[in-house]
Amino acid sequence: MDYTVKTILKLLLTLLILAALGWLFYQISSLITILVISALIAYILDPLATHLEYRGFNRFQATASIFLVLSALVIGFAAFYLPPMVVDLMAFQQRFGDNEATAGLFTGIEKFIKDSIPFLENHELNLQTRALEFMSSASASLYAAAADALSWIATAVIMPFAVFFLLKDGRKLQKNLISLVPNRHFEMILSLNQKLNDQLGGYLRGQFLESAIVAVLSAIAMTILGVPYAVFIGIFAGLLNMIPYVGPFSGGSLAVLVVLLHGGTAELIVSVIIAFAIIQFIDNMILQPLVIAKSVDLHPLLVIIAILIGGQFFGILGMLLAVPVTGMIKVITIEIYNTILKYQNL
Amino acid sequence: MAEDLFWSNIFRRVEKTELSTRDVLKTVPIFSDLTKRELKYLERILHKRTYRADEVVFRENEPGVGMYIIVSGKVNILLGKEHKLLALLSKGDFFGEMALLLESPRTATAQATEATELMGFFQPDLFHLLETRPKTGNKILHRLAQMLAERLKQLNIENRQLKLRLTQFTAESGTTR
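Residue numbers (the working numbering), protein chains in the order written: chain Y, 3 to 348; chain D, 390 to 566.
Hints are supplied without guarantee of correctness; some may be wrong.
Taking CB as the label site, the calculated pair distances span [as the list claims (entries may be wrong)]:
1. D:ARG540 <-> Y:LEU33: 49 to 57 Å
2. D:ALA442 <-> Y:LYS8: 54 to 62 Å
3. Y:TYR56 <-> D:GLU492: 18 to 26 Å
4. D:LYS524 <-> Y:ARG207: 24 to 32 Å
5. D:ARG441 <-> Y:VAL71: 26 to 34 Å
6. Y:TYR56 <-> D:GLU444: 37 to 45 Å
7. Y:GLN346 <-> D:MET536: 30 to 38 Å
8. D:LYS473 <-> Y:GLN346: 22 to 30 Å
9. D:ARG540 <-> Y:ASN178: 34 to 42 Å
10. Y:VAL71 <-> D:LYS542: 31 to 39 Å
11. Y:LEU26 <-> D:GLY481: 46 to 54 Å
12. Y:ASP171 <-> D:ARG540: 55 to 63 Å
Here are the simulated DSS-like cross-link-like pairs (lysine-lysine), alpha carbons at most 30 Å apart as the crow flies [said to hold, decoys possible]:
13. Y:LYS177 <-> D:LYS528
14. Y:LYS197 <-> D:LYS473
15. D:LYS425 <-> Y:LYS170
16. D:LYS463 <-> Y:LYS177
17. D:LYS429 <-> Y:LYS197
18. Y:LYS174 <-> D:LYS473
19. Y:LYS177 <-> D:LYS470
20. Y:LYS197 <-> D:LYS437
21. D:LYS473 <-> Y:LYS170
22. Y:LYS344 <-> D:LYS425
23. D:LYS429 <-> Y:LYS344
Listed below are several chain D residues computed to face chain Y (Cβ distance under 10 Å; list not exhaustive) [said to hold, decoys possible]:
24. GLU432
25. THR521
26. PRO523
27. ASN527
28. LYS528
29. LEU530
30. ALA534
31. ALA538
These aren't lab readings, by the way, just hints derived from the structure by calculation. No experiment lies behind these values; they were computed from the predicted model shown. We put the beta carbon where it would ideally sit given N, CA and C, even for glycine.
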């Protein structure tokens, strides 16, 4: 009897601690998101720093050099690209009201859709009203994001710091953590750490490389076709490309939307769709088999569930991080299982 | 005045122990080609581990990932379930270096016989060294290869002698029959 009471108490205590941890995680979820992103960036940049060390730099010089180049790129991109885009977006909102040209545009689009999809002929699409609704809700959330400026500034300060120190001292940090492991498990953990580094590094760099190539291809294609914001669309498409099925479709949709809003022709829309189809073909047939490790093949259903969970707890960033994080969890589980198996089969 | 002495004493002691660790490293054959600077860097990446008396460093048949150097204390190398003593190693000795090149099961058990301080040098450290400081890494690798070649040579001689004795033995037993 005493025993069961003790067990129940223990169980309750464990549950309480877990709940407290969960609550804590939820409360600092934005900080966790920042740290996870920083760690991912540091991880992807690590081979570059190692290569610079090979070239004769010390770790600090290597990290600082990478950091300077990266900062210049990000700031340059933001300075040259964001202001005109914000101006454009605001102009759109103003133009969007009951302007006749906009009305004409939407009638044109509706006609195009009805002509292309026969069974919609007798339906009232009300595209303009819906677009207006969408725009107002989008701008509302934009304002909300702007009001959250403080957290954005915090992110802009914390993240570079975190990336810098994780890149510079990542190995030292790992060594110090490993030094805490008791002698009995020390070699096992050391070996596990090395395998995780190899596997995770390979997986994350593969994902990054694939996304980067898709982004560059998309940006080039959009530039050739004369679509505005080609670079932005490219980055967006590259990031979303990690999400199977939905991702590539979203990238293409954004491009089509931009073309529509800028009053592009039907031919241009078709060209954009064809361009994205070709990029997807290249990605699926050439990039994925080359770049992504087969062992980290995630089931699409698992990916979708992971994205929903990520979105639930960590917002849009969580959705984007869901795929690499799920891949990491899979790699970690497989490696831990293999290592324990190896050490048990004595 | 007394305080001054106190501080200078501590300082001297720290300097002395640091020097001794590096001296120990210098005596290890695979590090003997390294410059002072390289040894200093190596010291930073090595893993310092302390063991109580009778604590096991690694067990026979466990997968091994690297070697250990004895900074202070003593380590027994034991074989089989009956723990047959193969060697008693002390300060400056090293063991497990084969695992640096080949991640294979340990061929014996290592156990500290007294409070012991070891420096661990493992495969990931060697690979990292080869990536970031290839010159240093290659010096170690070269020494390691020399050591293995030397051991192979000795084993070869021993093998030849044994074969010779075996043929002599079979010839002798043939004539006596």
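Tested hints:
Distance hint for ARG540 of chain D and LEU33 of chain Y: a CB-CB separation of about 54 Å, consistent with the stated range 49 to 57 Å. The hinted range of 54 to 62 Å is not satisfied by ALA442 of chain D and LYS8 of chain Y, whose Cβ atoms lie roughly 36 Å apart. For the pair TYR56 of chain Y and GLU492 of chain D, the beta carbons lie near 24 Å from each other, so the given range of 18 to 26 Å is met. Between LYS524 of chain D and ARG207 of chain Y, the C-beta spacing of about 26 Å keeps the proposed range 24 to 32 Å intact.
Distance hint check for ARG441 of chain D and VAL71 of chain Y: the Cβ-Cβ separation is about 50 Å, which falls outside the suggested range of 26 to 34 Å. For TYR56 of chain Y and GLU444 of chain D, the Cβ-Cβ distance of about 38 Å falls inside the hinted range of 37 to 45 Å, so the restraint holds. Checked against the hint of 30 to 38 Å, the C-beta distance between GLN346 of chain Y and MET536 of chain D comes to roughly 32 Å, which is consistent with it. In this structure the hint that LYS473 of chain D and GLN346 of chain Y lie 22 to 30 Å apart at CB holds, the actual value being about 25 Å.
At about 35 Å, the beta-carbon gap between ARG540 of chain D and ASN178 of chain Y stays in the expected band of 34 to 42 Å. In this structure the hint that VAL71 of chain Y and LYS542 of chain D lie 31 to 39 Å apart at CB is violated, the actual value being about 51 Å. Distance hint check for LEU26 of chain Y and GLY481 of chain D: the Cβ-Cβ separation is about 49 Å, which falls inside the suggested range of 46 to 54 Å. Distance hint for ASP171 of chain Y and ARG540 of chain D: a CB-CB separation of about 39 Å, inconsistent with the stated range 55 to 63 Å.
This hinted pair checks out: LYS177 of chain Y and LYS528 of chain D have alpha carbons roughly 23 Å apart, not beyond 30 Å. Taking the CA atoms of LYS197 of chain Y and LYS473 of chain D, the gap is near 34 Å; set against the 30 Å cutoff, the hint is violated. Straight-line distance between C-alpha atoms of LYS425 of chain D and LYS170 of chain Y comes to about 24 Å, which keeps the hinted pair within the 30 Å bound. With a CA separation close to 25 Å, the supplied pair LYS463 of chain D and LYS177 of chain Y stays within the 30 Å bound.
Proximity of LYS429 of chain D to LYS197 of chain Y is assessed by CA-CA distance (about 27 Å); at most 30 Å being required, the pair is judged to hold. A C-alpha spacing of about 39 Å is found between LYS174 of chain Y and LYS473 of chain D, which places the hinted pair above 30 Å, so the restraint is violated. Simply put, LYS177 of chain Y and LYS470 of chain D have alpha-carbon atoms about 33 Å apart, too far for the 30 Å limit, and the pair is violated. Among the hinted pairs, LYS197 of chain Y with LYS437 of chain D is consistent with the structure: their alpha-carbon atoms are about 21 Å apart, no more than 30 Å.
A C-alpha spacing of about 47 Å is found between LYS473 of chain D and LYS170 of chain Y, which places the hinted pair above 30 Å, so the restraint is violated. Taking the CA atoms of LYS344 of chain Y and LYS425 of chain D, the gap is about 39 Å. The hint is violated against a cut of 30 Å. Between LYS429 of chain D and LYS344 of chain Y the alpha-carbon distance is near 35 Å, which puts this suggested pair outside the 30 Å criterion. At about 13 Å, the closest approach between the beta carbon of GLU432 of chain D and any beta carbon in chain Y exceeds 10 Å, and the interface hint on this residue is violated.
Among the interface hints, the one on THR521 of chain D holds; its C-beta lies about 4 Å from the nearest C-beta in chain Y, closer than the 10 Å criterion. Checking PRO523 of chain D against chain Y: minimum C-beta separation of about 7 Å stays under 10 Å; hint holds. Interface hint status for ASN527 of chain D: violated, as the beta-carbon distance to the closest one in chain Y is roughly 12 Å, over 10 Å. A least Cβ separation of about 16 Å between LYS528 of chain D and chain Y goes past the 10 Å threshold, and the interface hint is therefore violated.
Annotation: LEU530 of chain D was flagged as interfacial toward chain Y, and the flag is violated, the nearest CB pair being 15 Å apart, outside 10 Å. At its closest, the beta carbon of ALA534 of chain D sits 21 Å from a beta carbon of chain Y; the interface hint therefore is violated under the 10 Å criterion. At its closest, the beta carbon of ALA538 of chain D sits 27 Å from a beta carbon of chain Y; the interface hint therefore is violated under the 10 Å criterion.
Checked against the numbered hints above, the structure violates hints 2, 5, 10, 12, 14, 18, 19, 21, 22, 23, 24, 27, 28, 29, 30, 31; every other hint is satisfied.
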